[in-house]
Amino acid sequence: MAEQLPNSDPPAQDTADQEQVVDPWSVSGGSDGRIDYNKLLEQFGCSKLTEDLVERVERLTGRPAHPFLKRGIFFAHRDLQEILDCYEKGIPFYLYTGRGPSSEALHLGHLVPFMFTKYLQDAFNVPLVIQLTDDEKSLWRGLDIDEARRLSRENAKDIIACGFDVSKTFIFSDFEYVGGAFYRNIIRIQRCVTMNQVRGIFGFTMEDNIGKIAFPAVQAAPSFPDCFPHMFGQRKDIRCLIPCAIDQDPYFRMTRDVAPRIGHHKPALIESKFFPALQGESGKMSASDTNSAIFVNDTPSQIKDKINKYAFSGGGATVEEHRARGANLAVDVPWKYLNFFLEDDARLATIGEEYGSGRMLTGEIKKELITVLTDMVSRHQRARAQVTDDVVDAFMAVRPMRCL
Amino acid sequence: MPLTKDELIAKLKDAGISFETFEHPPVMTVDAQISALPGNPKTVLKNLFIKDKKHRCYIITALPETKVDLQVVGARLGVGKGGIRMAPEELLTAVLQVPLGSVTPLAIANPEATNVVLLLDAKIRDAAHVPADGGRVYVHPLVNTTSLAMTPGALADAIKALGREPLFVDLEVDPKIDRDNPPDLKTVADAAQPPPQALPEAAAAGAAAAPAAGADGGAAAAAPAAKPAAPAAKESKKDAKKGGGKSADQQRGAKAATTASLTDVAPRVEELLRAACAALLGGSTTPEEATAAGRVDAYCMARLRADLEMQLTGLKNAAYAAGYVAGKGEVVAHAERRFV
Chain A
1 MAEQLPNSDP PAQDTADQEQ VVDPWSVSGG SDGRIDYNKL LEQFGCSKLT EDLVERVERL
61 TGRPAHPFLK RGIFFAHRDL QEILDCYEKG IPFYLYTGRG PSSEALHLGH LVPFMFTKYL
121 QDAFNVPLVI QLTDDEKSLW RGLDIDEARR LSRENAKDII ACGFDVSKTF IFSDFEYVGG
181 AFYRNIIRIQ RCVTMNQVRG IFGFTMEDNI GKIAFPAVQA APSFPDCFPH MFGQRKDIRC
241 LIPCAIDQDP YFRMTRDVAP RIGHHKPALI ESKFFPALQG ESGKMSASDT NSAIFVNDTP
301 SQIKDKINKY AFSGGGATVE EHRARGANLA VDVPWKYLNF FLEDDARLAT IGEEYGSGRM
361 LTGEIKKELI TVLTDMVSRH QRARAQVTDD VVDAFMAVRP MRCL
Chain B
1 MPLTKDELIA KLKDAGISFE TFEHPPVMTV DAQISALPGN PKTVLKNLFI KDKKHRCYII
61 TALPETKVDL QVVGARLGVG KGGIRMAPEE LLTAVLQVPL GSVTPLAIAN PEATNVVLLL
121 DAKIRDAAHV PADGGRVYVH PLVNTTSLAM TPGALADAIK ALGREPLFVD LEVDPKIDRD
181 NPPDLKTVAD AAQPPPQALP EAAAAGAAAA PAAGADGGAA AAAPAAKPAA PAAKESKKDA
241 KKGGGKSADQ QRGAKAATTA SLTDVAPRVE ELLRAACAAL LGGSTTPEEA TAAGRVDAYC
301 MARLRADLEM QLTGLKNAAY AAGYVAGKGE VVAHAERRFV
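Protein chains in written order, with UniProt numbering: chain A, 1 to 404; chain B, 1 to 340.
Calculated from the structure, these hints are not laboratory results.
Every value quoted in this text rests on a predicted model; they were computed, and no experiment measured them.
There could be a bad hint or two in this list.
So, partial list: chain B residues that the calculated Cβ filter (under 10 Å) puts toward chain A [to be verified]:
1. Asp-264
2. Val-265
3. Tyr-299
4. Met-310
5. Thr-313
6. Gly-314
7. Asn-317
8. Tyr-324
Heads up, the beta-carbon is just placed ideally off N, CA and C, and yes, glycines get one too.
Modelling step: build the complete structure from the supplied sequences, incorporating the hints.
In C-alpha cells, the structure reads:
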C-alpha cells in the first residue's frame, strides 16, 4: 500500500506499560491513560497542521480561523495544502463528514466535528455531504434496522441544529441512499481491496460477518463526487476534504490508496484530537454513562451539577496548595473544555494565566465554563426544536443542488 | 395607433378576403370559444404569445390538438430549450395591443407588432386536419367577443394583406440539433428585432405582475400544451417569487447572485446587530464600538450574535422546507391533473 499502515509499537522500557490503541472502534491511552498525539501522527503517517497553514486558511477565507484550528484541536491533516492550492486556483472542493447513529444521546464531543465543519462550510462557501452510517451500527452493534433508521433521522435533527446551509448540504442515510451511482462506486472500491488488506487495517477476522468486512467501502465512497450526481453531475475533478476525528484515519488511508486506481483524486483530511471525558483523558465517554459527558439535552442544572461534581480538576487539593502551586492545566478538564468552547482568545489566555498561577480558584473556572456550556447547549436545544420532519426531509432530499 | 376590430375587418374586406363573422360573449379559452360558436367547430385556432431570452416576441397559431412543446420550439429557434416562455400579460397589451384572451394572428396588423414573428401551424393547411372543401378556421379580430371564420387559404391571404408573408411550420417535429444540424428556425428568430416594449428597461416597470398569464394562448393551450406550459409557468412563477419581472437574460444572471445573497444569513445577522446597537445604545454605535467601550460585555455580544444566527437559520430552513413540500406537491398535483 502506498501509505504507512499502523504498526504495532514496540513496548516501552517498562514492560508493564500499556500501548495506546486507536482505531475506529476503540480508543485507549498509553500507560498514563493519555493519548500521545505526536506518536499517533507518526504511527498513522499524517502531517501536522502547522501555524502557517492556519494563517494561510485565514488569509484565503478572509476571516479569523475557528478556535479549534487556532488551538490545535484540529491538529493533523493529509493534503490540506493541495486543497488550499486548488481553492486558490478556483478548483472547487466539497466537505464530507458523517456520524454513526448508535443512540439518541449526543454529547458535546459528537458535536465538535460538526461545529468545525459548519465553520469550514461558511468560510470556504462549499457544499457538504453528511453520511449517517445506520448500516454500520446495525452490523456492529446488532442494532434493529428500523431503529437504526429512526436514529438516523433523530441524529440528523441535532446535526441540522448545528447550522448547516440547507442549499449546499446533503444529509443521507446509508439505508436510504445506497444504490445507483453511490453503489457503483462502492463496488469499484471493493474490487480494489482484499480481505488481507482490511484484516491488516481494521483487524477483521474470519469470524466477522461479511457485512463488516465489506463496510469500509461504504464509508470510503462519499469521498468521490460522482456518488452525488444531483450535486456534482459526473464531475470527477472536484476535490473532497474530510473533517473527522483521528480515529477515522484508517478508513481514509484505505480510500486514498484506492482513489488513483479508480481514476479519482485522493480525498484530503483534517483531523481532530479526542474530546476528553468529564473524568479526564483516562476516562471513557459513553452514551450510557450520563456523568461521563455533557449531553445536548442536559438541563442547565444538570450541566452545573456535572461540571461541579464530575469534571476532573487539576487544581490544588486545598486552597493554600492551589494558591501556592497553581493548577495543573495539562489534566484540568474545565480548562480543556474552555479551550474547546470559549471563543474569546483574550479571555481564555487570561483565565489560563490566573488559574495556572493559582490566583483563580477551581470553583471560579468551573463557573465560567458552566456559563459557556449552558448558553451553547440551550441555543442548540432551541435550534433543534425548530427542526421539523419537513426540514429533515428537505436536507435529505435527492434534489438538484446547483452548488458549484 | 392600434387598429380597432372594425378597422381590421374593413381592411380585410377591402383586400377581398372572404370570411364569416360570429359575435359571442367574451371567451378566454379555446374551449369557451368552441362552445360559443354554432356547431362547436373543432378548428378554432389557439394562440401562444411567446418571448425568448433575447426579448424577441412570437405568436404561435395552431390547431388545438397540435402539441406545441416550448422547449423544442426554443431549441429550433436557436435560443435553447429553456430559451422561450409565455410572455407576461403586460406585453400582450403593450406589444400586441390586445387584451387578455384575444391573441390572434391578425394582431400583426398593429404597427406596434411589426417586430413580432408569426409562426403558423402547418397542419392548418393540411386537408387531413382542415377539410379542403369548406373547412374553416376561427380567429379573433383583435377582440374576444367576435370570431372570424375563414378557409386556411383565406387566412394566408389575410396575413399577406396585412403586410406579412405567412410562415407555416411543422410545430410537432422535434429535429435533432447539433453541429451538423443547426436549429431550423434560427434564421427566423435572428431576423426579428425585439419590440421596444419587451426590452428589460421597459419590462422592469411591469415588474412581477402575473408573469405566467401569457395570454389566452396559455389557458387555451391547456390540454396539449399543458406539459410545455407547466415548466415555463413554473419558471416564471419562481421569478415572481424572487421579485424579478425582468428579462430572461438579466433574470438568469441576477437570479444566481440574488438567490445566494438573499439566503446568506451572516450579513443579515450583522445588519440586525447594527440596527439593535443603534436603537438601544443611541447614535450610530456599532457593535464593535459598543464592546470596545465596555458598554456591552463582549461575551454577551457574541452570544447575541450566535442567537441571531441560530434564529435566522431556523427560519431559513423552515422556509426552504415549506418550498420543498410545495414543489413536491406541485409535481404530484400536475401528474394527477388535480388542478386542470
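Can B:Tyr-324 be said to touch chain A, with a Cβ gap under 10 Å?
4 Å, holds
Hinted contact B:Met-310 with chain A - closest CB pair below 10 Å
Holds: closest Cβ of chain A sits about 5 Å from B:Met-310, inside 10 Å.
Residue hint B:Asn-317, partner chain A, criterion CB-CB below 10 Å
5 Å, holds
Minimum beta-carbon distance criterion (10 Å), B:Gly-314 to chain A
Result: holds, 4 Å to nearest chain A Cβ.
Taking the closest Cβ pair, is B:Tyr-299 under 10 Å from chain A?
Since the shortest Cβ distance to chain A is 7 Å, the answer is holds.
Can B:Val-265 be said to touch chain A, with a Cβ gap under 10 Å?
With a closest approach of 8 Å, the B:Val-265 hint holds.
Quick check on the hint: B:Asp-264 CB to chain A CB, less than 10 Å?
With a minimum Cβ separation of about 9 Å from chain A (threshold 10 Å), the hint on B:Asp-264 holds.
Holds or violated: is there a CB of chain A closer than 10 Å to the CB of B:Thr-313?
Since chain A brings a Cβ to about 5 Å from B:Thr-313, closer than 10 Å, the hint holds.
Hint violations for this structure: none, all hints satisfied.
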